[in-house]
Amino acid sequence: MNSIEKSPMSFRNEIPPVWCTGCGDYGVLKSFTRAFAKLGLKNESIAIISGIGCSSRLPGYCAAYGFNTVHGRSLPIATGLKTARPDLTVVACGGDGDAFAIGAGHIPHAIRRNPDMTYFVMDNSIYGLTKGQASPTTSREIKMLKGLAGQEEMPLNPVLYVMASGAGFVARTQAGDMKHMTEMLTEAIRYPGFSFIHCLSVCVTYQGRVFQEDLEKRIHFLAPEHNKENEDAAYQIARNDPWALGVIYRRPVVAEGNGQRVEPVE
Amino acid sequence: MNSIEKSPMSFRNEIPPVWCTGCGDYGVLKSFTRAFAKLGLKNESIAIISGIGCSSRLPGYCAAYGFNTVHGRSLPIATGLKTARPDLTVVACGGDGDAFAIGAGHIPHAIRRNPDMTYFVMDNSIYGLTKGQASPTTSREIKMLKGLAGQEEMPLNPVLYVMASGAGFVARTQAGDMKHMTEMLTEAIRYPGFSFIHCLSVCVTYQGRVFQEDLEKRIHFLAPEHNKENEDAAYQIARNDPWALGVIYRRPVVAEGNGQRVEPVE
Amino acid sequence: MKEKQVWNLSLVGSGGDGVMTTANMLLKTAARTGLYGMMTQSYGPQIRGGEAAAHVTIGVDPVTMVDRKKDWIVCFRFADAVRFEKEMEAAKNTVVIHAAEETEIPAMFAKAKGKNIPIPFLKVLQEAGLSELAKNVFLFGILVRALGWKEEDGKACVAEMFSRKSSAVVSSNIRAFELGLHYMEQFTGPAKIFKPKSGVSRPVMTGNEACALASVAAGCRFYAGYPITPSSEILEEMNELLPKAGGKLIQAEDEISALGMVIGASYGGVPSMTATSGPGLSLMTEMLGLSGIAEIPLVVVDCQRAGPSTGMPSRMEQSDFWHAVFGGHGDFPRVVLAPTDVRDCYQTMFRAFYCAENFQLPVIVLSDANIAQRAEVIDPVDTDSFEKPKRLNWTDGPQGYRRFGLDALISPMAFPGTAGGIHCIAGIEHSEKGMPSSDGAMHEAMNQKRFRKWEALSETAVGWHRHYGPPKAPHVLIAWGSSAAVAREFAESHPDFAVFVPLILHPFPKKALQHFLKNRKTVSVLEMNYQGQFYHYLKGIGAIDGNAQSFKRSGGQPFHIEELGQMIQEGGIL
Amino acid sequence: MKEKQVWNLSLVGSGGDGVMTTANMLLKTAARTGLYGMMTQSYGPQIRGGEAAAHVTIGVDPVTMVDRKKDWIVCFRFADAVRFEKEMEAAKNTVVIHAAEETEIPAMFAKAKGKNIPIPFLKVLQEAGLSELAKNVFLFGILVRALGWKEEDGKACVAEMFSRKSSAVVSSNIRAFELGLHYMEQFTGPAKIFKPKSGVSRPVMTGNEACALASVAAGCRFYAGYPITPSSEILEEMNELLPKAGGKLIQAEDEISALGMVIGASYGGVPSMTATSGPGLSLMTEMLGLSGIAEIPLVVVDCQRAGPSTGMPSRMEQSDFWHAVFGGHGDFPRVVLAPTDVRDCYQTMFRAFYCAENFQLPVIVLSDANIAQRAEVIDPVDTDSFEKPKRLNWTDGPQGYRRFGLDALISPMAFPGTAGGIHCIAGIEHSEKGMPSSDGAMHEAMNQKRFRKWEALSETAVGWHRHYGPPKAPHVLIAWGSSAAVAREFAESHPDFAVFVPLILHPFPKKALQHFLKNRKTVSVLEMNYQGQFYHYLKGIGAIDGNAQSFKRSGGQPFHIEELGQMIQEGGIL
Ligand SMILES: Cc1ncc(C[n+]2csc(CCOP(=O)(O)OP(=O)(O)O)c2C)c(N)n1
Ligand SMILES: Cc1ncc(C[n+]2csc(CCOP(=O)(O)OP(=O)(O)O)c2C)c(N)n1
Ligand code: SF4
Ligand code: SF4
Ligand SMILES: [Mg+2]
Ligand SMILES: [Mg+2]
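Going line by line, the protein sequences match chains X, Y, F and D.
Going by my numbering, the residue at position 215 of the first sequence is 215; the numbering climbs one at a time, nothing skipped.
Going by my numbering, the residue at position 34 of the second sequence is 1034; the numbering climbs one at a time, nothing skipped.
Going by my numbering, the residue at position 94 of the third sequence is 2094; the numbering climbs one at a time, nothing skipped.
Going by my numbering, the residue at position 98 of the fourth sequence is 3098; the numbering climbs one at a time, nothing skipped.
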């Protein structure tokens, strides 16, 4: 695949991001370019489809085809594109609000269809772009601390949600670790079916330092003995360890048809 | 509660249902009226909120307040009603298309908010009202057999989906067993928090006899030793036994506040 | 004015009576013998198995509408017939055929002094050793005789209808057919004899089938949709057609997703569409705006039904017009087309893709429950004569590709995969290269760019309208969609009237109308909705003036000709 | 025409410079001293920490708009100022205050021959032992002196601003304030002295705050919403207010759900609302129709921003008008209101709930990014004088409750819990009792019923408009929403002009306008959108004729008075 390895910078355009200094999204952008380079992709064969949010600005900074669509709809648009154009490498991305609030209904269905594409969610547990309202993943503590609406609402568990919808590849990473992000993304893109990456990320403006320190304290890599092809083990992690980083689940590829599909397991 | 037990018929109005002869929804209607009678509810204190579909016609046949809303939106409307009017007994209901296709995005959020209401889904694995297209729960075999769109799509697992969203009460029943349905519904309404009932049902017109026979062959009650308060056990059933009937999960009620809420577990 | 050579028949029954099959066979046989025809269906509230009526009109010339006045009415149960009272009128010469067991003739048939033929269906079939299920084929035999059609044409149709069944089933149905044919002889000679103008056999199809066939012919290769009455057959038909044409189809989880997928596929360079009805169109509103600002071609067929909200799902109405033209926040160009009948669906879909692909904007086709689901015998369509949609793709060029160059009327599209055309687009207002901009001047310039296309399209769409009636007729009726037929029919028998029928509603062919209206005395706009949506639109754009009248009512049954006559009279025109 | 007593100031900085805080303190102090004022904010593309500008106007009389021509401009970095060039004009007398390090004065200030005052902010603060963070309070001191305000008023404001901080923070900021106050003395006496007409202190608030406060006062007890710029502050404010008023709030997962929850709560008998912006309004389309057919009261505030699609989220536009009036499949009545400024939001929200609750239909309030987010010193509002919304509830009665009785103009609502009022409603067309019906005649009757309410409401809403200018002025400008201010301002200095401002847009006060237009020479409609949405609407309903002119442009900055002057000139009116 990597006949001539391109530099990550060749996947970055000249546009300066609008993100706040210190925003986790900068790291994600770097890891995107690194993964593309590592995979030896042609720039024009990549399409990055996002919704709306700070994180959804990402496609605008890549030297690849990009579409910053409307709030919550990256998956339908990416699915349509990939279905019509299976030759492309399609990556959908966006924030936790985009994915799990307004976009939540598209997730199980994108997964059921199992297109060979990757969905990368930058989860800062807040609505960044609209200035700090609670997202579906905001913890009750933070909502109470900040006096946000929805204090009685339990947060959603993104990894469990996609597992339950039948995703074949599920990983978690964090925006502070470029190396790990790049690794996860590379593996996800290579996976011949729908792959999901949950990226813990920091919004320095609306989540701030306490959140970041807490995150850094809690995250840890999956134990090396974790068998990612074991669905039971994956469910254990998904349900009980929201801070575990790594590939949580990878359904074995039973047959690769012409569309490079993973055999769906019912 | 049951000072004077009313007759189930007192919860039925005079309107003849439009359903096909033999439709599973007739049984569901009966079990609704039986459960209301058993619970000794006042007719006017009940509000049944549905979406659009054959099954969503149900509120129109009950002697209770009813609202046959628009396709896929029973949960937001029911949540708004229950939040504004906690004194009411609110039951949302509808079909598998209504719930898991167009309505799928509202489910995790209704669950996160944990209003004290019940959601009853009549799952006939087909779009009845629109004449037999595949729903998110239609099996791949049936789609292939009938030449329906979406043959490569894996069906959704409703019980697993609501479990992963954090539902506190999850049961499965079937439209052919009035006694069991009534029992499940009674227990669900009594549960002080969001309760979900997955009701396997038959569409005689678009699913027909083979489907029904298959269903009857496979369904079975949960083993008596199943501990419904054990989340691990519940996940095992949810993941591996799509034909098990009974209360699959019941999160213990930690504290009943003034709003009779179940303490959310994060 | 010569008498129209048509025969109007209604068949009424309940689930299991098979009246729809009989009606279908009738229409197919008409088509086979070189005649024209149309069939509409009507159901009671029951999901399945309730009362149902089929209304069939057979004619020597193309049939444009089903008359309310019936030549023949067949009913298995009078109680069922009464439920469809509003759809069929028993006139003086109406022949009523009914099951012999039904003895109390209801009031609605009081006027029918034609003939009254009780038939003991079950008895006759039993005596012939045939199952009750063959009742509808027996009836078909009766009708073929009544129409004086050839026995072999009827037989061929029966054979075709049951071609997937066992030979035993076929032969017993053939016997039932023959039984009907001969049974009728004891009562009457042929009720009506048509001489077809030519013996050429023609296709029979519904508007939804025509939309699907035409779309694939026009180059559509991606469809995503969510089922909804009365549009679902387009989804189902495309599911048959697209794989064969190398295209793809997704049944989406909802309408937002459906149009999102269409946008994704079209962004990928593939002509794409969806179909829906009012509630779905409402849900697609945000996506329409995205298509507008990001200049992504797409086609939406809206099979209108009575609204608002869930409304009356199986009844026609023309009340989504305002939403099609004005729906959605912000300003963006869109095109709205409307076929008037099944055959029109062909040209309309070609034009829809032409507008979408060539001008990079969203196109809405306003069909309705009537056109969508009625079956017609149509003259074959020569799609080769239609202009093929063609997207201006960017293939290569100097550095600095600008997706939204302000200098071009139509900016070439570089779709993913095109080397050297890399760019990022958004639903956000943007610079020429697609970068986000919040500059008011750039926004104005981009609005101008987007609407310039729409104006250019308006110049291209010359002749996308029809007119009928004498050029000097003092009174003009403007009508669109399936309501155009009744206006046209009215004008045929009223030489004082002329009719203008736009096939493109927005941008509206204002010049053509103004030319047409020269020296006329009155102008009226006919449409089926409560607020007079099209009428107000025409006034708003200055196409008609304050003296024009609005003829309108809510949806339900199609307009009938007496109704229009009454509106015209009440409007003081006649 | 007398000179207006106003002072226009712009403050430009980057994140951390704290210009918004300074501007806020200025406005609050103005309010405290009995003056009026207005403040608008503007940001660059950076999410946070980028360039920002605050535009403040202080006046003796109520301030209706921020002028583009500035009396003073303060900038910490010239580079930032240049980015806001379109929003502020440096005129001959403009005083420019800038950081001393910034030496190259950009071209935009070339005309400013007023004064040019470089200030070494850091140095002065350092010398006084103060942190750089106090820069903006130091600046506030300078401005208080320039305006000749009382020291104690300024101090009180600083103390209030930092009231949640430690006393050390408060006292060091007070020192910074004093430093500024005295620093300025070396350069100049007061720049402008206003004598307030009374010393009464007035509230300062944004349009979004006013909407929230007024809604709760009007009886709203349920809110569900999804964040979106520029409406999110209504959600945030309601989240503070509702619990105290015994109400409930839900942050929904999307806008469809938000309006669904509102419908659910309102169905339960509780006055309910949501707020959103264009993309959200588009998504709410289907729910609006449900409210219309099921006759469920609800209020939606749409803080319009530049569209279509995501458009320019922080920029104003008036381009959701068509969608508000015409959006949605099928026919259903709805009411559209528009405040023209922050204070108007009070009365508008009362009227919105009055229309919704009393007439059982959906009401859309068209605010915009400008009104929503600008802060104003307003005269207190006497909400007691407003008519209180009142729903006609059904309490008890004889058997046979009919939710949609055709005999009543307003049918009483029995909400769940009401004994004896049990019924089922639907988005499906229905009988008087709410049962599904697919009968065309019933559909027509129900449409009539629904629109009768709307017509009755139209008769009630007498005087829901304003006019300005001489009754015999030959030229009329029609304007709505925040664009009304510039029309009014123009007319103040042009006695040949009169202005008509509808506060209810739909149903439109046609009679009042026609009365107002008698014997005028020209009529023009001013609005901020590309297609001239309001203009075409007025023509469509016959409120203006073909001679009327349309003055319009896409959104971005508010109209300024020279711009309007030019439009009028180009229109051949002046
Ligand atoms: C239909 C619609 N509703 C709401 C919005 C406003 N909006 C823009 S981004 C956003 C959420 C941002 O949060 P998230 O998706 O987590 O992204 P982040 O900014 O945190 O990266 C919202 C509510 C919108 N643009 N469109
Ligand atoms: C917005 C919208 N989209 C589509 C429809 C059409 N529609 C009505 S019911 C239905 C699905 C019915 O299936 P299900 O929910 O499983 O109910 P069932 O009829 O099987 O009981 C659909 C697609 C609609 N009414 N509204
Ligand atoms: S607001 Fe938060 S998420 Fe948005 S750019 Fe700033 S730090 Fe990043
Ligand atoms: S179509 Fe199916 S689901 Fe609908 S009423 Fe008939 S049997 Fe029931
Ligand atoms: Mg976020
Ligand atoms: Mg179903």
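No lab work stands behind these hints: they were computed from the structure.
Glycine residues also receive a C-beta, built at the ideal position from the N, C-alpha and C atoms.
There may be inaccurate statements among the hints.
[Claimed, not checked] The calculated SDA-like cross-link candidates involving lysine to any residue, where the alpha carbons are at most 25 angstroms apart (straight line), are:
1. D:LYS3086 <-> X:LYS6
2. D:LYS3195 <-> D:LEU3213
3. Y:LYS1228 <-> X:GLN236
4. D:LYS3113 <-> D:GLN3186
5. Y:LYS1146 <-> F:LYS2244
6. Y:LYS1228 <-> X:ASN240
7. X:LYS146 <-> D:LYS3449
8. X:LYS42 <-> F:MET2442
9. X:LYS146 <-> D:LEU3213
10. D:LYS3433 <-> Y:ASP1241
11. D:LYS3518 <-> F:LYS2244
12. D:LYS3511 <-> F:ASP2439
13. D:LYS3111 <-> F:GLN2569
14. D:LYS3449 <-> F:ASP2439
15. Y:LYS1006 <-> D:LYS3248
16. F:LYS2113 <-> F:LYS2244
17. D:LYS3248 <-> Y:MET1154
18. D:LYS3165 <-> X:LEU145
19. Y:LYS1228 <-> X:ASN13
20. D:LYS3069 <-> F:TYR2401
21. X:LYS6 <-> F:GLY2400
22. D:LYS3069 <-> F:SER2438
23. F:LYS2449 <-> D:LYS3449
24. Y:LYS1131 <-> F:GLN2041
25. X:LYS217 <-> X:GLY132
26. X:LYS131 <-> D:GLY3400
27. X:LYS228 <-> Y:MET1009
28. D:LYS3244 <-> X:GLU141
29. F:LYS2433 <-> X:ASN13
30. X:LYS6 <-> F:TYR2401
31. X:LYS42 <-> F:TYR2401
[Said to hold, decoys possible] Per the computed footprint, the stretches of chain F lying under chain X, defined by three or more beta-carbons under 8 angstroms from a beta-carbon of chain X, are:
32. 2220-2233
33. 2426-2436
Those earlier numbered hints the structure runs against, lowest number first
Hints 1, 2, 7, 8, 10, 11, 12, 13, 14, 15, 16, 17, 19, 20, 23, 26 and 27 contradicted; others consistent.
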